[in-house]
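Residue numbers (numbering that gives the first Met the number 0), protein chains in the order written: chain D, 0 to 336; chain B, 0 to 336; chain A, 0 to 336; chain G, 0 to 336.
A couple of the hints might just be wrong.
Stated by the list, open to error - Derived lysine-lysine pairs resembling DSS-like cross-links, with alpha carbons at most 27 angstroms apart: (1) A:K334 - B:K325; (2) D:K193 - B:K174; (3) B:K326 - A:K87.
Simulated from the structure, these hints should not be mistaken for lab results.
4 protein chains.
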Amino acid sequence: MLIIMTPGASKKEIDNVKLFVERKGFDAHPIYGEIQTVIGAVGGKVIDPREIELLDGVKEVIRITSSYKLASRVFQPQDTVITVNGVKFGGEHLGLIAGPCTVESYEQMDKTAIALKKSNVKILRGGAFKPRTSPYAFQGLGEEGLEIIRAVADKHKMAVTSEIMEISQIPLFEKHVDIFQVGARNMQNFNLLKELGQIRKPIMIKRGLAATFEELLMSAEYVLSGGNKEVMLCERGIRTFERVTRNTLDLSAIPVIKKVSHLPILIDPSHGTGLRDKVAPMSRASVAAGCDGLIIEVHYDPDNAICDGAQSLYPAQYDKLYHDIKKIAPIVDKKVI
Amino acid sequence: MLIIMTPGASKKEIDNVKLFVERKGFDAHPIYGEIQTVIGAVGGKVIDPREIELLDGVKEVIRITSSYKLASRVFQPQDTVITVNGVKFGGEHLGLIAGPCTVESYEQMDKTAIALKKSNVKILRGGAFKPRTSPYAFQGLGEEGLEIIRAVADKHKMAVTSEIMEISQIPLFEKHVDIFQVGARNMQNFNLLKELGQIRKPIMIKRGLAATFEELLMSAEYVLSGGNKEVMLCERGIRTFERVTRNTLDLSAIPVIKKVSHLPILIDPSHGTGLRDKVAPMSRASVAAGCDGLIIEVHYDPDNAICDGAQSLYPAQYDKLYHDIKKIAPIVDKKVI
Amino acid sequence: MLIIMTPGASKKEIDNVKLFVERKGFDAHPIYGEIQTVIGAVGGKVIDPREIELLDGVKEVIRITSSYKLASRVFQPQDTVITVNGVKFGGEHLGLIAGPCTVESYEQMDKTAIALKKSNVKILRGGAFKPRTSPYAFQGLGEEGLEIIRAVADKHKMAVTSEIMEISQIPLFEKHVDIFQVGARNMQNFNLLKELGQIRKPIMIKRGLAATFEELLMSAEYVLSGGNKEVMLCERGIRTFERVTRNTLDLSAIPVIKKVSHLPILIDPSHGTGLRDKVAPMSRASVAAGCDGLIIEVHYDPDNAICDGAQSLYPAQYDKLYHDIKKIAPIVDKKVI
Amino acid sequence: MLIIMTPGASKKEIDNVKLFVERKGFDAHPIYGEIQTVIGAVGGKVIDPREIELLDGVKEVIRITSSYKLASRVFQPQDTVITVNGVKFGGEHLGLIAGPCTVESYEQMDKTAIALKKSNVKILRGGAFKPRTSPYAFQGLGEEGLEIIRAVADKHKMAVTSEIMEISQIPLFEKHVDIFQVGARNMQNFNLLKELGQIRKPIMIKRGLAATFEELLMSAEYVLSGGNKEVMLCERGIRTFERVTRNTLDLSAIPVIKKVSHLPILIDPSHGTGLRDKVAPMSRASVAAGCDGLIIEVHYDPDNAICDGAQSLYPAQYDKLYHDIKKIAPIVDKKVI
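In isolation and in its complexed conformation, chain D is listed as follows (with noise of 0.2 angstroms):
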């Protein structure tokens, strides 16, 4: 902890701090500066800065240490790789999911799956329980909706991943799913996360709206720290004063979270944009970034979808897209099946 005094400290105020960090049971160790004095504070237990920044002469206080652990390069170096029905994510691997916002039907899953197929998609993705802001919207097809994802997944050997909302739909989703996504506004459900921590399937996390880096990484800890060491990152869009795209997607995830952590950084640009003809633009811009992976919504027939249609691209231009990230990816040194 580094305790920054103001320009004009006395002797007095800065011998204060000084004695009651030690109080704390910190070590201080003042660096006499020409305007101004820094006192670092070494050991000691958890503190809240700002006790300190409410004593006399004291500008700022900063933490050193930064609060993730176990998701951090430090601790781990070499790149988690994911690997779920063939399918790799991170190192040097990008993979990719593709599939409705909502499970609709057995048919409306089928037909999609069927078209996706064609374009290699090994992961299908697909709402079963669905957050959303009005009480009166439609809130997916539940349970059901679980089941024929499943079906269809299997028919066609495809692996499944569904956004898990509550603790007690856990049972339920290690029956039927193999990526647990995590949506943006559960992303500090905290309660959840740390049963997520117990199961010993992937999970995605998706970025919330307001939420910096390191509280994606934070949040990750939850979860790594229950001992579910496949975490998945996602970055779907902040929230910003832009109103012309639905959310602003920040690229910038993808070589900042790939610096400091080892954990897989994916893109949702669906989410992220809302409009389809912005989707394969911010794909395309998200491989030769470097991301290590894409999950995208694709609809075989986007004008009836019950649910997010107008950003689902129809199946002939996912496999456009398959196909021009076939030839950006080696550019970045990825492999994508």
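Since the structure of chain D is already known, use the hints to place chains B, A and G on it.
Frame of chain D, contents of chains B, A and G only:
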């Protein structure tokens, strides 16, 4: 729904849009302006406006039905007034809640309650389950914490408010707590909100860090539509680029919410600023703007608080603030007990 | 400057950083913590901290000198009080400014001034040069506008404040205006600020839509360092994701600025909210939080105002507000004339 | 203009609104929906929508005319292509600009230009007048800086781009500079923009830190409406709550701007991220998303740069990036020289 065509849209494009919405069950009413055509679409089922935005010649689609109903002042013109232990929130009343961030021990709660009683506090706050960014931080005393706050409150004839984090905690809260708080991070934990609609005790919903007022009201709607009419809203600061304050406390919440909704709007100046010396000015400001209540962190000994001591008032500071509030409230036609 | 090494940094990396900063003229003071090493770098010339951040083993670099000096309360502990036409801003004084958004005609200004005089207004506001997002919008009456507001103010023994947009307008403003306003969009027009440092009339600098408090104070520093000591700051709302209000008025500006600076802090509730019915509540809130002044839009006939009529008060509303302000101010130890 | 009434609005309120807009010269076209009434107001003069929002029974008013015309793709369907020294921006072309943040000396510019020439750079960037937050920071070499960059560019047959801060600098820039840059802080310096409409050289306008895409296009409209048709737009990062990156580079600017406007959209990944190791990934991403140009900071010796060395590439890094760009561009149907 209003469909705004681009200035250069052709007759064919306009007709195509009309056809599209008519097939979805809407009546189409075009208005031909000098520069642009607008099509009003009336009736029809719920539709994602972005589906139409992707049609050729469409500039923008605007939904005109506000999505909350029961929370709206149109639905209920007169103010909702909620009474807890003789304290009233809403209408001409301003209610006060005070207490520490976290329940630490019986002694800490008792000493704090004794101090607060002198300032006429009748509702005691204190967290037992704490949402913490880090899995390594203190997570609260849990059930024991709720038992302590209940016992202390009973001793001093006070009511209790505390934050609920999980559906499974509901029976425990029913037993010990008079006002259920839903924290900012859980504002869109829709499963929890649905369950709280079944409770018959007041629910205080805090605005999420990046939530709009409309979304806050939609979350209230989840509880109201379950049958629980006693919902209060609470502004506790939003996340912006400013770094000096922990959050940006948005006091425009007060006139905005009071115009569109009948629900009481409270302010939490402690989390909203994060520093003790900002709490009194922002509390007075909230009262002068016409808020229906305040929830303020006070600790009998903030310097030794486990959590958030830096934003907790000393009892003497709270007492001074209480007397200022008593002077300001009548100027805005509010009563404080 | 404080250089925080990553937890796993090697001795070689630490030595390399020491060498690097010593070559730049700094003395290096390492503090060896349990987990991490921190190097304090004292003396030396100005250096971009990111240069060091790119060295191996460095986690973060923190500059410890705050960049404003003359604006700081460390430099001048007592409040700056600025007096214009008998109205005082700062210290124990709260000053009021009122008038229309834009000067439209002699008649409009005169009728407004007559109405405001009854509420004891002594400083008249009104824009002559208007910063408009669109080149096709009304850009103000220009020089003629300044002549009108000056003539009306002289007739009613009032002072004048108006917004300056360009260095070349300075001679004109010197002739007609008593307080020069620098608008939010020009807060970082550094060339203009430098020139205003040469003026000997008060300058009111409005916070930019995405400016931090520190940046606002740095802009004040440009004027102060030119020799002009009469600078007031003005909060007028920042841009956030919220869409109901035009901007988010950040009233924490008041306790924050008053703590770190001796300069008066004013609030503009008209631009800060953008809607008439929010102006009175937010004005009262500003006074209760301890602001040094308010600048409020009032028009004798808002329904027919050319510009921003929707956020202008009717004279009777201003008079009611004035009387509320007179009641609240003494509670926070402020005097209003 | 569309006036959306509240669900409970009475017939009297609706009639009153109709009367109000008709008196302002509009034709009123009500659409009676099941829940709400909407009034389309056609014709009439410009009016502040908030005036109507304050009438009883009005929920919201929406303006339907986009405020930029000349910048719109409706006005000019085909892409604007701007050519400078053989480099093309727009249409099927991707142009590259490189050079140091600041002109420091003849030697520094010459060495940098020699290095860049090997990577086929034909437009050299370098600041002579620097907008600095602090009045105490290095403000650039001024006129001497422009003379140096011009001399070096001439020697190596390159063109010059540099940032203009003030109307009075225009003659100097006309003499030495081929592309005038308007910085983010000056994006709404409307007086400057108007004057640049009179120039006959390309203008590059950078998006402000909190500016919407619509506002950026409105600023372009100021220049276009003055008669200068050669305007390029540049995304350089917006300000958000995230603190790891200096700004959040919003690459959705590319598909958004290309849809609504014919003007070229460039990306500045150096300011957009603020750190050298993020520049290459974000540059590749920009190309893959279809941008029309890149402006990248490169210094022959970044470790000894006066300013922003930390975000400047080494020449070898730029050369590697150039070759990656050459590979990615054809995949999105773009040509790079």
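Verification of the supplied hints:
no., hint, verdict
1, A:K334 - B:K325, "20 angstroms, holds"
2, D:K193 - B:K174, "25 angstroms, holds"
3, B:K326 - A:K87, "25 angstroms, holds"
The structure shown violates none of the earlier numbered hints.
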